[in-house]
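Visitor: Read top to bottom, the protein sequences are chains A and B. Under the UniProt record's numbering, the residues of the first sequence are numbered 1 to 402, in order. Under the UniProt record's numbering, the residues of the second sequence are numbered 1 to 402, in order.
Hints are supplied without guarantee of correctness; some may be wrong.
To give an idea of the interface, some chain B residues facing chain A are shown, with a C-beta separation under 7 Å as derived from the structure [stated by the list, open to error]:
(1) Q56
(2) P61
(3) E65
(4) L69
(5) L80
(6) M86
(7) E87
(8) I90
(9) Q99
Read the hints as simulated data drawn from the structure, not as lab findings. These numbers were taken from a predicted model, which means no experiment stands behind them. Yeah, the Cβ is synthetic: ideal placement off N, Cα and C, and Gly gets one too.
Number of protein chains: 2
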Amino acid sequence: MGRLVHKYGGTSVGSVERIKNVANRIEKAAAEGHELVIVVSAMGKATDHLVDLAGQISAEPSKREMDMLLSTGEQVTIALLTMALMEKGIDAISLTGWQAGIQTEAHHGNAKITSIVNERIVEELSLGKIVIVAGFQGISESEITTLGRGGSDTTAVALAVAIEAECCEIYTDVTGVFTTDPRYVAKARKLDSISYDEMLEMANLGAGVLHPRSVEFAKNYSMPLLVASSMSDEAGTMIGEEETVEENLLVRGIAFENDVTKVTVEGLPNKLNTLAKLFTTLSNKKVNVDIIIQHQYTEDFMNVSFSITQSTLKDTLAALTEVQQELGFKDIHFEEELAKVSIVGSGMVSNPGVAAQMFEILAEYEIAVKMVSTSEIKVSAVVDERNMVLAVEMLHKAFQLE
Amino acid sequence: MGRLVHKYGGTSVGSVERIKNVANRIEKAAAEGHELVIVVSAMGKATDHLVDLAGQISAEPSKREMDMLLSTGEQVTIALLTMALMEKGIDAISLTGWQAGIQTEAHHGNAKITSIVNERIVEELSLGKIVIVAGFQGISESEITTLGRGGSDTTAVALAVAIEAECCEIYTDVTGVFTTDPRYVAKARKLDSISYDEMLEMANLGAGVLHPRSVEFAKNYSMPLLVASSMSDEAGTMIGEEETVEENLLVRGIAFENDVTKVTVEGLPNKLNTLAKLFTTLSNKKVNVDIIIQHQYTEDFMNVSFSITQSTLKDTLAALTEVQQELGFKDIHFEEELAKVSIVGSGMVSNPGVAAQMFEILAEYEIAVKMVSTSEIKVSAVVDERNMVLAVEMLHKAFQLE
Chain A
1 MGRLVHKYGG TSVGSVERIK NVANRIEKAA AEGHELVIVV SAMGKATDHL
51 VDLAGQISAE PSKREMDMLL STGEQVTIAL LTMALMEKGI DAISLTGWQA
101 GIQTEAHHGN AKITSIVNER IVEELSLGKI VIVAGFQGIS ESEITTLGRG
151 GSDTTAVALA VAIEAECCEI YTDVTGVFTT DPRYVAKARK LDSISYDEML
201 EMANLGAGVL HPRSVEFAKN YSMPLLVASS MSDEAGTMIG EEETVEENLL
251 VRGIAFENDV TKVTVEGLPN KLNTLAKLFT TLSNKKVNVD IIIQHQYTED
301 FMNVSFSITQ STLKDTLAAL TEVQQELGFK DIHFEEELAK VSIVGSGMVS
351 NPGVAAQMFE ILAEYEIAVK MVSTSEIKVS AVVDERNMVL AVEMLHKAFQ
401 LE
Chain B
1 MGRLVHKYGG TSVGSVERIK NVANRIEKAA AEGHELVIVV SAMGKATDHL
51 VDLAGQISAE PSKREMDMLL STGEQVTIAL LTMALMEKGI DAISLTGWQA
101 GIQTEAHHGN AKITSIVNER IVEELSLGKI VIVAGFQGIS ESEITTLGRG
151 GSDTTAVALA VAIEAECCEI YTDVTGVFTT DPRYVAKARK LDSISYDEML
201 EMANLGAGVL HPRSVEFAKN YSMPLLVASS MSDEAGTMIG EEETVEENLL
251 VRGIAFENDV TKVTVEGLPN KLNTLAKLFT TLSNKKVNVD IIIQHQYTED
301 FMNVSFSITQ STLKDTLAAL TEVQQELGFK DIHFEEELAK VSIVGSGMVS
351 NPGVAAQMFE ILAEYEIAVK MVSTSEIKVS AVVDERNMVL AVEMLHKAFQ
401 LE
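Only chain A is shown next, with the shape it has when bound in the complex:
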């Protein structure tokens, strides 16, 4: 039996009882003869509590000090989980990010892992120990850093690669990756397997199970990922290369998100660097732009539409107003209460008719399409928010995902 990495998220280690439950699960995997490295997050609401303490002191605390503060959350969990294993007579040792050799950029609050010095972990494994590592954190020179959103998943995948694990198993509060969100669509079905690229599109589009960074990392190193529940023994979803995928369905899942707002800039003079200026302005205001559509309606003028999340509309309008004179556009429109619905599947690459089929289905139910964006394995349509669930249900049915 080879090496495995398990990762348990905040909910899975949210209480002493749950930590003991995780210890039981680890015991079983160890009994099967695996060498185990376990990555854990901070306990349930621990991070929120720390963020709240900082918030009582400073509206904008130093990022370095936030890393210093937040990294204690995972450190508490690794110590407690290790104690729980030792209490069962299992030899285990906890390691902080820096002890585990997780080197990162010097970018507090959102550092990327640059390399893993795996000596310590490999040594502890060779001594027969289960190694419990604090997720979400690393070290840059001698500074404690954190990895930002989805950081613990990334830690797990990076460690799996560094110790040449057979698989990186992400245990969470859902039983796997679904064809669409089961909270909205009762007939959503759990997938046995999915490809990295499909998962990336699903993750980016709000499926929310895994952070895209960790999936991309796994893809780059061909590290098989398993997503499964820490609370049940139900089989999860395997994420791997194309060829390992169960059946070559055209569409593998429907992702969706609401709170989408469409903004249109009208009558923008068609100069070389206009688009660059427009989106740099928004980026400087930390406005995240998703879909962009450009339409040149005369030789000299164009319209540009883009989608943003509802909450950044105010900043967007302010930023645009600031540069209206400089850019010389005529008007701004916006449309709120929209949603984005996307079909995802690697089968689409060789099947150009899928987008058309999607539009037909939406038309059949009189759902107007406001914007469209496509990638090789995804087609996204922006629709009215009130039509979102209907659109997802109908697409889910029409593409035989039930």
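Assemble chain B onto chain A, guided by the hints.
Guide: Below, chain B alone, put in the same frame as chain A:
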């Protein structure tokens, strides 16, 4: 203006409000032009909370994992205090024990500081920053260690020595060192100054303000210590060399502790290694013995009495019974509900009559003395617990401490 080390204990940083209060105090000291290194403990009940979590998992958790767990407490405080200073526009940086270069033995839970690699702290000071260091913790190779009881005081003194500070200022919830415990004796008086040796005797005897390890450390390096309140601006007590002490009173303070039990082993055969065996047995059972009195009543036999704390009586009796046959003693007696009262003062060294004076005073109030122990600057008498406060009050008065 030179360098200063401040240390703030758990009560002083027990809430966000108190952390802000500490930041205000630091701001004042910085405004006076001092270079400052600040050592802090975990917030109020934070350590208790962590100990409780561990206790829910294991009755005897691994000491290494306890260090991993508990060291997070101080790490939270350094981050929050640094944020509070930065919020006031003061440049500051937090350092964990290992970042601050605090090297210790590889003895988890009770490590001694072996050396301090001061480069990082000195560099940050030279950049004009106030350096906030986590007390109570250090590093041995790449393992996180904690220093045990009084650890943060020791961290503060060791850092003061390492950066050649002018003074190490310990801020706590009392206003200084008193002639005796003001909770018991209303006329207790705060001392302006006291010598290291006197403080050591006071600390050992339960005055409780400073841990003896930190006082000894300060004495070895002639580092002046100030004990003062973090809640008021009242002048505290300076602890220094003999010559700095205000007035050469014979007795400088009265220390006392209750819960003392006296155990007597009767008819112990007078062999060479009998005493060694007897006390090794107790030490192996983790019984702490304080006063020891040996009385050889014939050439072949002796009686040995010693004092222990009430809570270890059961273990003591069990241990003695185990070795009764081997050691060949005749009987065991014990006497509970006793207390130890001690007079402390370096003036005693050259004044042999002080002990006699103490016994006279006790006799005057019909307080029976059960055991006596003396050092160069201390005389301790064991008396009935019910007489403890009376004895302290009368000695306090007779030796002109009011």
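Visitor: Hint by hint, say whether it matches the structure.
Guide: Hints, verified against the model:
no., hint, result
1, Q56, "4 Å, holds"
2, P61, "5 Å, holds"
3, E65, "5 Å, holds"
4, L69, "4 Å, holds"
5, L80, "6 Å, holds"
6, M86, "6 Å, holds"
7, E87, "5 Å, holds"
8, I90, "12 Å, violated"
9, Q99, "6 Å, holds"
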